[in-house]
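With chain G fixed as given, assemble chain W onto it according to the hints.
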Amino acid sequence: MRSITIGAALSATFFGAVAAAAVASEKPVYLKKAPGADKVEANCAVCHTLDYIPMNSTFLNAAGWDAEVAKMISVFGAPISPDDQRIISDYLKTNYGR
Amino acid sequence: MITRRGLLEAAGKGAILGCAGHELSRTFVSRAEAQAATLGLPAQLPEGTRQEAVLDALPGKVPLIKLSYRPPNYETPVELLRDAITPNDAFFVRYHLSDIPEVKAETWRLSIGGEGAGRETNLTFDELKRLPAVEVAAVCQCSGNRRGLFEPHVPGVEWGYGAMGCARWKGARLKDVLDRAGLKSEALEIVVAGTDKGAVDKTPQFIKSIPAWKAMEDTTLVAYEMNGGPLPHWNGFPARIIVPGWTATYWMKHISTINVATKPFDGFWMKSAYRIPLGKFPIVARFASQETAVNTPITEMVVNSLITSHADGAAVKAGSTVTIGGVAWDAGYSINAVEVSTDGGRNWTAAALGADIGRFAFRTFSYDITLPAKGNYQIMARATNKIGQSQASALIANPAGYHHNVVQTLNLVAA
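These protein sequence lines are chains G and W, in that order. Count along the first sequence starting at 1, add 255, and that's the number in my numbering. Count along the second sequence starting at 1, add 1356, and that's the number in my numbering.
The shape of chain W in the complex, shown without the other chains:
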C-alpha cells in the first residue's frame, strides 16, 4: 500500500513515481497532486479533497479511496471498475450517519405496516429467504457521484468517479414482501428505514420513500445476496432495498421497517435532500407525490459512461495499438452505443460493446486505437441509450451536485 509518508517524501524531492497498474509516470510538484494522481483521482477535485483522500481498507474491503472515515465514505478506484461486475470487497461505501450497528441475521426482523397496509406483520431472515428469489444485475450509483467535478464546486462528499458499482443482487421482490401485509388501494409511498442513525438524537434518521408503483415493479427487491455471497456489512447486511435504474439513495441498507404511507412522506431526506430542479434533466420516471413547483426528488440515473482502462495522463507507446475500455450504463432503457473520440470530440467512432448481462447493469465497451505520433491525445467516450438519450456535453448545474454525466475527457501521452 502506498503510504502518505512515502508520497510526501517523493513529492518533496520532485521524484518521478512509476505507478504499477496505471501506466502512469509523471513528475509530482505538490503533495496534493502526488496523492490524488496516484489514486487516479481527477485533477478537478477540490484541493482539500485531493489532500485528504488516501487508500484505506475497511474491514472486509480491499483498499478503497477514503474521502471520510466517519461516516465512512469510500469510493472505488477506477481501475477496479473495468469489468461489468464489481467485486463485493471493492464496492464503494456510502453513509450519511455514523452510528452503524452490526446486525445479526438470526435476530433481524423486518416489520411491515402503516396506514396503507392491511395489517402489521414482520419477517425473519429465514422467512425472507423462503420467498421466491430473483436475481438482478444492476448498477448502484450514488446520486452525487462525480460531485467533486462540479464547477463551481458544491459542498458535500466530494466524490470522483468511483461512487458506483455493479453487482448481481439476489433477494425477494419487494412486492412479495409487501403482500405479506397487504397493500390498500390508497397506498402512495413505501417508506423504508434502516438501523443506521446519527451520533446525536436530533439528527434526522435516514429514511426514504419510494413511490408505490415503483416498489411494486418486479425488479425492485429486498436483497440479501450480492454476487453470490451475503451482503457485506458496509453494503447493507443482512438485507437492503434494490431499485434498479434509480440512484442509490433509495437502496436502503440494513433495513428494519417498511411503512406503507397514504400521504407523501415529509422527512428531511425526502423533503429537503436529494432534490433536483424540475425540468432540467431528461428524466422519464417521475415521483409525482413528492414534486413541488420547483423541484423533484432525484429518481432514475442519467445515461453515462466511464473510461476505466487508463488513468488520466497515462503514457502509451506511440505507434502501438492501445485498447480503450470502460463501462456504460443508464436507468434500464439499455445502452445502444458507445462512441469514442481520439481527437477531443471532433470525430466519433462506435466502440465494440461487451456482453449484455442485463439492462440495468454495466455494459463494457472497448475500442482499439493507434496513436500515430508522439504527443498528447484527448480521448472521449459517449454513451447513448435505446430511447435516444445521450450524455451531457456541458454540466447541468444543480444545488446538490447530482447527475454528473458530462462526457469525460481523458488525456493520453504517446511517447
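Chain G with its partners taken away, still in its complex shape:
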C-alpha cells in the first residue's frame, strides 16, 4: 500500500529545509511571527497542518489553549518536551487567544 501523504510542507525546523508541498493540494499555512512560532511549527505540524490553530481562534482563552496542548500530548501522544509545551502554549495564548 502506498501512502498518500497530503503535502509534506512540514516546517523548516523539522526537516532542516523547506520541504516542497509536492503532493496533492496542501499549501503552507503561515502563523503569526512571534517568539515560539518555531516550536509550534516543529512540533504541531508533524501530525496536522497549522490551519487548525487559526481555525480554533480567537475564542480559546489561556486555559483553553493549555488544555488543547495538553490533550495533544496526553491523549494523542505528541512527543513534546515540557519546555516546548510551555513555549507552544504561551505562543498560542499570546497570538491566537481570547
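Honestly, the hints are just simulated from the structure, not real lab data. Accuracy of the hints is not assured; some may be wrong.
[Claimed, not checked] Restricting the straight-line Cα-Cα distance to at most 27 Å, the calculated cross-link-like pairs of lysine-lysine (DSS-like) are:
hint, chain 1, residue 1, chain 2, residue 2
1, W, 1460, G, 326
2, G, 282, W, 1553
3, W, 1636, W, 1531
4, W, 1636, W, 1540
5, G, 326, W, 1540
6, G, 288, G, 326
7, G, 348, W, 1558
8, W, 1531, G, 326
Just chain W, lined up with the frame of chain G:
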C-alpha cells in the same frame, strides 16, 4: 476559482463583488468577511476559521471548502446540496488522522474475528461483491456538522453547514459479512478499524464499535459503491461501513478488520470521544453497553433541515416570486413536513416536499414566496418527522459540539 489574493485585493479596496451563483452582492469590509461570505460560510463561525477557509480541490474532487489540509477536512459548499443526492466529487471529506493509505482493491482483505465470532475468516474484494447486494440512499453527516455555529464556541474542526451529503450506497449487508464468521450469542459490539492512522505511533488509531443489534439490521452495510461508482478514495475506498440514520462517526472508511467483541470496546474514540450528555437530546436509539451515568455515545441523527437555494444575505427582487428550497433529513423515521417562515418565525406555512427516495435520505422541499416590499426578510425552515420530533429552537449545549439542529435563519434582501 476564487483566489485568496483576488479577495484580498477586493477586500482592501472595499470593492463590491458580484458572486455568480450566489445572487450575492455586498461590500466587504474585511478579508475574513470577504472570504467567508464568498464561500457561503455562516457569519457565526470563529473569526480564525473564516480567515483560513478556502476553496481547494483534493484529487478527484471539485473545489470544496478546506478547513484543514492535513488531516483533510473539507466541507461541501451549501449550493452543492440542493438535490437529494450529493455527487461523489462534491461529497465532504473528514479524517481524524493524517496517515491515509491508498488501498488497492486487488490486495485488500477484510478480516473478521474476535471473541464473539465463531471463527476467524477474511474476505477479498471479489468475495465481498459476490454477497447479496443492497442499495440504500442515506445521509452521511458528521456528528460535529455546524460545530462552528456553537456559541460559546467549542474547539474542534469548526464546520459550517456542509459536513454532510446524501448518496446511494451499495454493498453487502454487514450481517451477511458477519455470518461468514458466525456470531456467538454473547456478541455485544462490532468493532471496526480502518487503515488510516496517526503520524506518530502513540496516537490512538481511529477504531469504532457498533452495537451488535445495529450491525445486524438490514440497512447496515459494508458498501463498495457510491452513486453507482466506486467509493472515492477520500470517502473510504475500497469499502466502508454504512449505518443509515446514525452519524458518520460509525461509517468507518477503508475498513480492514472487524472484531466481534463480547465486552464494551474501550478505545479512546468510543470511551472519551463522540459522547453526548445523557438525557439532553430526543434520541430513540441507544447504545446501552457504552452508556455511563453521565454520558452516552452519539447515535442517531436529530431531525434537521437546511435552506440551500440562497446564501445568507442574498439579494432578490422585491415583488417577484422567489423559490426557497433545501433539504430535510432525520434518523430514518421519515420527514413529515417542512414549514417555512418569511417573518422571522411568527407565521409558518408548509413547504412542498420533493420525491421520497428513502427514509434515510435527504428530502427536498420548496416554497414559493413573494417579498412584497424592499427590505430585509428573515427566512426560516423547520422540519418535523413522523414520530413528532422537530428542530431545536435554541442550542442544546454539549462539550464537543454535536447535534446542532437549531432552526436556521437566512436573511434575504429584497431590492
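Open item on the list: For each hint given before, does the structure comply? Return the numbers of the non-compliant ones in rising order.
Closed with: When the structure is compared with the hints, numbers 1, 3, 4, 5, 8 turn out to be violated.
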